Every structure is written in structure tokens, then in C-alpha cells.
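A.B. asks: The residues making up each chain are set out below.
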Amino acid sequence: MSPARVGHNEVNTVGMRNVYEGLVDRDPATGELIPLLATDWERIDVDHWRFNLRRGVSFHDGTAFNAEAAATVLEYLWNPDTPESIIGLYGGPPMTFEVVSEFTIDVRTEAPDPLVPLRMYFFHMFSPTAADGDAATNLAEKAVGTGPYRLVTWQRGQHLTIEANPDWWGIGDPDANGTVAYPSARFEFRPEASVRASMIEADEAAFAMWLGPEDCARVAALPNADCQRSAAPNTIFIQFDAYSDDSMLRDVRVREAVTLAVDMDLLVEEVLSGVAVRASQIQPAGLAGYNPDLSPYGYDPARARALLAEYVASGGTIKPVSLAFQQDRFPRVREFMQAMAAMLNEVGIETEVLELETALFLETFNTGTHPPNRIKVHTNGNNTGDFMSSLRGYFGRQFADGAPRGCWCEDQEMFDLITEVQSLDGQARIAGMQRIGAHVHENFYMDYGGHISLNYGVQDGLRWDVPIDHAFRLKHMSVN
Amino acid sequence: MFVAGRAIGDPAAVVLGPDVSPEAVATLRGNLGLDDPLLTQYGRFVAGALRLDFGTSYWQGVPAMSLVLQRLPATAFLALCAFFVAIPTGVVIGAVAARRPGSIIDRATNVLSLAGASVVEFWVALMLIFLVAIRIDWVPTSGFGGVGVAGLSFVLLPALTLAIRPLGRVAQVSRGALIEELSKPYVKMARAKGISERRVVGRHGLKNALIPIITLSGDELTSMMNGVIILEVIFAWPGVGQLLVQAVQRRDLPLVEALVFVIAVIVVLINLFVDLFYARLNPKIRYSGGS
Chain A
1 MSPARVGHNE VNTVGMRNVY EGLVDRDPAT GELIPLLATD WERIDVDHWR
51 FNLRRGVSFH DGTAFNAEAA ATVLEYLWNP DTPESIIGLY GGPPMTFEVV
101 SEFTIDVRTE APDPLVPLRM YFFHMFSPTA ADGDAATNLA EKAVGTGPYR
151 LVTWQRGQHL TIEANPDWWG IGDPDANGTV AYPSARFEFR PEASVRASMI
201 EADEAAFAMW LGPEDCARVA ALPNADCQRS AAPNTIFIQF DAYSDDSMLR
251 DVRVREAVTL AVDMDLLVEE VLSGVAVRAS QIQPAGLAGY NPDLSPYGYD
301 PARARALLAE YVASGGTIKP VSLAFQQDRF PRVREFMQAM AAMLNEVGIE
351 TEVLELETAL FLETFNTGTH PPNRIKVHTN GNNTGDFMSS LRGYFGRQFA
401 DGAPRGCWCE DQEMFDLITE VQSLDGQARI AGMQRIGAHV HENFYMDYGG
451 HISLNYGVQD GLRWDVPIDH AFRLKHMSVN
Chain B
1 MFVAGRAIGD PAAVVLGPDV SPEAVATLRG NLGLDDPLLT QYGRFVAGAL
51 RLDFGTSYWQ GVPAMSLVLQ RLPATAFLAL CAFFVAIPTG VVIGAVAARR
101 PGSIIDRATN VLSLAGASVV EFWVALMLIF LVAIRIDWVP TSGFGGVGVA
151 GLSFVLLPAL TLAIRPLGRV AQVSRGALIE ELSKPYVKMA RAKGISERRV
201 VGRHGLKNAL IPIITLSGDE LTSMMNGVII LEVIFAWPGV GQLLVQAVQR
251 RDLPLVEALV FVIAVIVVLI NLFVDLFYAR LNPKIRYSGG S
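For the record, the sequence lines run as chains A and B. With the first letter of the first sequence counted as 1, position 189 gets the number 189 in our numbering; the numbers rise by one all the way through. With the first letter of the second sequence counted as 1, position 71 gets the number 71 in our numbering; the numbers rise by one all the way through.
Isolated chain A, as found in the complex (with noise of 0.2 Å):
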């Protein structure tokens, strides 16, 4: 229920964005930042930002909400001190919130920082009267919002039904950007996507997220659902250990060699079909940073062959490679695995797959220890849909202060060129982030097995688009 995990993690808190809502929406189609409960927002200087707030609205438990609740909350959520804090998600300078006029609020950034407007999108506005006592407790069991929903029952790890809130100030004004067209919903929390898939074909449920490719080709054969698929921001990628010293993988040759081996056309078309479309970097179509000059690698075995003959013939010697994933990261992940392995034994890179459960590979990814020589296969959801971010996350040594993940570690040009872009906004900004993209890929070779499309069964009598950052929202769906 904390609107602490509304923002990034749609899995554990499905549905709470009807009830929670954020000063900063996105654009369904687009993805662009659109306003919500903030009317407009400008940049006054680097450091320092200013929101003018909607009036007219009140939290689910008749809270008026005002330039005081909006600090309260984002002082809460973004201090490090608090459970809630979600801080260490989503990263950024220090911020500090100042109430202006009743409706106005201002943020000031230790640093410069361009993404203070998207960082919005993350916070949920809750009615501070919630948090009273003990917030961490509170938060987690109630959901008092300002969305188009409240919350009106919760059975843990069961379901949760909303029903529709009369006050919201969205009814009736286009800055809503969707309707309330349902009086109720109850949300049930099935683990297994076959068993979300038969509850559409049962009748018992009108619309089941993230069904697997075989679930999504049995609802769509049904004669009264469908199946939509749309590609994710979530991004397959394959992770090299460039930082362990003895290493080969540090060596820009190996790295070629091992994605040049791999045949990543046809594993995305054979082994991921129905679930990754093919990928030239880790920000899809659409996100800040994309570069649409990018291209995926090619399959080239015996330029593979000829650079780890290469690599050899300076010095180096082929060490056995583990190949690792977390368990059900995606759908065929397994056998996506196998037959990449396969390809690597065939260049000549003895290479072993390890499966490793959820807890154990976040472990090692988080802090680095494991053998070397270690290539990761991984997805990136990229959350914030900032280039940037993901940087931070995964590809900097550096730039992330001590986290052995990247692959980057000794390169002077990608720090510089880091360090110039994280201040840049605008169209700046998006061309810096385009030319980061091209140094990763002409060389780090990290290669891409493709964004990540999900499936969602709905029944004919409900009409929802996807969104782009594939959030459900009760008011975006409506009777067909």
C-alpha cells in the first residue's frame, strides 16, 4: 500500500494508481511529463524549481491538499532517514522543499539537477493525517490519495477493491486526462500467469496482467477476449565482468569476440518470440536518450573467432565464462540462456549457465562478488526513462561511487562525457545522452536481447490502450 513503492513497482502495489496520485503524470501515448496535481512547473535556475498546484483538491479523508501536505510528503519520502524513503531508488542530489503560498511549492537541488520534474512522477501525494502516528505502519496499511479511486478493502496477498471517489477533482475537467467509468473494481492477485489467463477464459476476471506468450495466443483464441502485447521499457542486457582484475572479459576484444558469437537476431526471433522485440540499446524508442542511429550487432562467429585468436596471440588466455541470470526474469529466460551458451562454446569460450534465484543474483549484481570472468544477463526496467539513470545503476563504476557493475571502469572519455551530460536539460541533454549511447556501443559491446513485450488478456467488453509506462489506470479504460 506505501505510496513509497507507487512509483516504481507495479507489482507489489497494482492498482494503487487510481488511488494514489503524483504532482506529474505522463502522457499515455507519449510518455511526455504531463500535468497532474502540479498545473506547471519552471526551472528558475539550475538548482532550483518551482510547482504551482492544483487547487480545489482534497485527500480521500477530506485533507485539503496544498502546498503544506505537497512538502510534507516530499520531505517524507525523500529523506534518507525514513522507511519510506525512496531516495536510493531513484538517486539525485539532496532536495529541499519550501512552501511558497498555499499553492505554490518550491524545490532546491544541492546540485544541479534537470530531472527534478520527472522525479515527481515517482511521489504520490498522501494525505499527511495518514502518516501520523507511526508512518511507516499507517502507510503500508492505508492508502488515503487524491486519485479518481479510494481504497475499501485489502485482504493481504488476496485482493483489493477500489471504488470510485465522488470529490476527485478530476470529473469533468480535461486535465484529468481520463474518466471514471467503472463504479468498483477488485483487483485479485494471482501469481501464475496460466492461471490469470484462465480466469479470462473462466469469466472470472475482465482483464490479466502479464500473461505469458503461450497464455497470450490461448486468451487471444478465445471468441470473447483479446490479447494486446506492447513492448516495455523493461530492456534484456548483457553485462560483462570489465572490473574483476583477472578478468579477460576486461579486454575490449573478448567482449566483441563474445557479441559477435552470439546469434541475438535469431534467439530474440526463435527462443524470445512473443517476448522481446530486438534491441540497439538499452533505452527503447520514445525514452530521453534513445539514439535511433544505433544499430543491433551482427552475427559474425568467425571475427569472433579471429579476435580471441587475437587476444591470445597478445598475451591473453581463455578462461571459462559463467553465464548467469535470475530465475524467471522473463519468459524462455532458461532456454534463451542454453542457446546462448551454446554459441559461446562454439566460438571456443567454454561457458557454464548458473540459474540463480531472485535473492542470490540481486546479491551479486548489487555488490559484484562472484568469480570473474562472469557475463550477466539481466533487464533493465528503466524506471525513471532517463538514459542517465541507467548509467548510474548499471554501466558506472564511477559514477556510481564504488559498485563494481559496469564496464566502463577505465574509460576518462565516458566519465568525462557523464560528468558534462547529468547537468545538461532539454534538447542539451537528450543529445549528450545520444552520444553516451553511441561510446557504449562502439565500446563496451554490451549487446541487447531486446525490450520486453507484455501481454495483457482483456475481456471485448473493456477497451484499454496501453500506456507507455504501462501503469493500469482505471480511468484511462472504459466500456466498449
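Keep in mind the hints are simulated off the structure, nothing from the lab. Quick caveat, the model's predicted, so the values are computed rather than measured. Take these hints with a grain of salt, some might be off.
Derived list of chain B stretches under chain A, where covered just means 3 residues or more per stretch with a C-beta under 8 Å from a C-beta of chain A [to be verified]: (1) 125-137; (2) 208-221; (3) 238-245; (4) 248-260.
In silico SDA-like pairs for lysine to any residue, Cα to Cα no more than 25 Å straight-line [to be verified]: (5) A:K142 - B:K184; (6) B:K184 - B:P88; (7) A:K142 - B:L32; (8) A:K142 - B:G55.
Taking CB as the label site, the calculated pair distances span [unchecked claim]: (9) A:V277 - B:T89: 49 to 55 Å; (10) A:S244 - B:L39: 30 to 36 Å; (11) A:A438 - B:A26: 31 to 37 Å; (12) B:S223 - A:S295: 53 to 59 Å.
Think of the CB as a built atom: it goes at the ideal place given N, C-alpha and C, for glycine as much as any other residue.
Using the hints, position chain B against chain A.
C.D. replies: Same frame as chain A, but now just chain B:
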């Protein structure tokens, strides 16, 4: 329990997900007390366990023991429904087969019970959903309707799935035990005295064959705790099995400790009950100091 909890690894490394800075992980580790020496953590664990207080769930943000106790009735309901389907049915099937060893009924029972004892529950669950919930449309595909009569339509599929394996094993053991009993002289004597076959099997043979069946039933009830883990996930049954999977996936240390504690207590209680039941069935068994 303390060791089992620590065996799942460092919670701080996963609680915040993959996109966090090392500082955030370190801060969380400190906040959770995971930086403390193991002895300190153990002391805290023992002190909490004595009060049945295992701390607050990292994932849910509420006391771990209360979460477990909320989920326990659902699992108990499912396990008992499966148990009362599997054991009596298994015994009856075994008894029918044992009356005519080598007959077609006996052979068919043998094959079916062996198949039942060998099936993969995951597959059976999906097949039952497809056939019973979708094709015939008798019961819901999944979900929980509460503990009691209102929940019977929901419990049918998971209970049947959970019952199939113990049913097969109980049928086989019942058959073997009963065949052995029915070949003993006292049974021949009973038949010679003209006692009806139903009475011979039911009152004499079966009663004496019950000891291995009771032993097996106790084991089956215990092992259902394993079976419920996967079935609760498939059927979205809000019990301790599903909670255990979620707790381990999230390295929710307090929740794992509370769950292991409760499951251990249940296993001990089942074994105690089985031991006490032995004495009731067989007067020769006594647990007191007498000879």
C-alpha cells in the same frame, strides 16, 4: 530457525531491488541491525522468540508473527480437507484391493495408486483448472473463499491436487498391510466361525493394519506442508506456503524465522498426536515407565 533465516543471504542486498546505490544498501543494513555481531543478533532473536516476537516483516511492514497467524487457518483448512479426502479414500481403495489380491480390481488399483503417488502436483493443478474450472465450469479457477462451507468450492481443486499423492501412497500401504493381516491365523479362525467378510476385514484385519497406515498418515500430513507451497502459489491460496515463498524470495528474515517456527511447531504437534494415537490403537504400546 536463526540459521535457516541467515541461510537465505543478506536481506539488505535485495530488499531495495537492483537499482540502488551501495550507500542505500549499507544504510538499510544498519537500520535492520544486520551489521551487528552474529551473537548480538542471536541474542535478539532468542529474546524475541521467547515472546513469539520475530520482529517486523521487511516486506509488509507489520509484525511477522501476526502475518503468519493470519495465514495459518487457510493452510490448515486446505491441508485438513486434503487429508480427509486422501486417507479414508486411500484406506477404502487399499481394502478393496486387498480382499482379492491379483484380481483385475487389485491390479487396476495398484496402477492407479502408483500413478497417484508419482504425479507432479503442478501439472495436476493446471489440468484440474482446465478441466473442472474452465471446461465443466463447476468451481472457480483459483482464489480463497474463507474457511468453512462458503470456501468449499474454492478448496476443491487445491485439496484434490494435494490429496492425490498421499491417496496413492495410503492405498498401497493399506493394501499391503491388510493382505498381511488377512493371511494371519486369527482371520482364518474368524472366517471359520462364520463371521461376515465385511466384519472380518473391517473389525479385525483393518484395525490391526492401522498402525502403519497411521504412521504414514502422520508423515503425509507433515509432507503436505511441502505440497502446499507450490499449490498455494498456483491457486493463489493465501496460506503459509505462499507466504514462505514470498518471504524467501524477498529475504524477509523476520518472516522466514516466524514461518519456520510455526511450521516446526505444527510438525512436532502432528508427530505427538500420531504417537498418542498409537497407544490408543494398540494397548501393548505404553509410553509411561511401566513394563
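A.B. asks: Take the hints in turn and mark each one as holding or not.
C.D. replies: Hints versus structure:
1. Using a Cβ-Cβ cut-off of 8 Å, 6 residues of the stretch 125-137 of chain B lie near chain A, which meets the minimum of three, so the contact claim holds.
2. With 0 residues bearing a CB less than 8 Å from a CB of chain A, the stretch 208-221 of chain B misses the requirement of three and the coverage assertion fails.
3. Here the stretch 238-245 of chain B counts 3 residues with a CB under 8 Å from a CB of chain A, which clears the bar of 3, and the coverage holds.
4. Check result for the stretch 248-260 of chain B against chain A: holds, 4 residues qualifying (beta carbon to beta carbon below 8 Å, three or more required).
5. Distance restraint check for K142 of chain A and K184 of chain B: the Cα-Cα separation of roughly 67 Å exceeds the 25 Å cut-off, and the hinted pair is therefore not satisfied.
6. A hinted pair counts as satisfied when its Cα atoms are at most 25 Å apart, and K184 of chain B with P88 of chain B qualifies at roughly 24 Å.
7. Simply put, K142 of chain A and L32 of chain B have alpha-carbon atoms about 23 Å apart, close enough for the 25 Å limit, and the pair holds.
8. Distance restraint check for K142 of chain A and G55 of chain B: the Cα-Cα separation of roughly 21 Å lies within the 25 Å cut-off, and the hinted pair is therefore satisfied.
9. At about 51 Å, the CB distance of V277 of chain A to T89 of chain B agrees with the hint of 49 to 55 Å.
10. Range check, S244 of chain A to L39 of chain B: about 33 Å between beta-carbon atoms, so the 30 to 36 Å window is met.
11. In this structure the supplied range 31 to 37 Å holds for A438 of chain A paired with A26 of chain B, their Cβ-Cβ distance being about 34 Å.
12. In this structure the hint that S223 of chain B and S295 of chain A lie 53 to 59 Å apart at CB holds, the actual value being about 55 Å.
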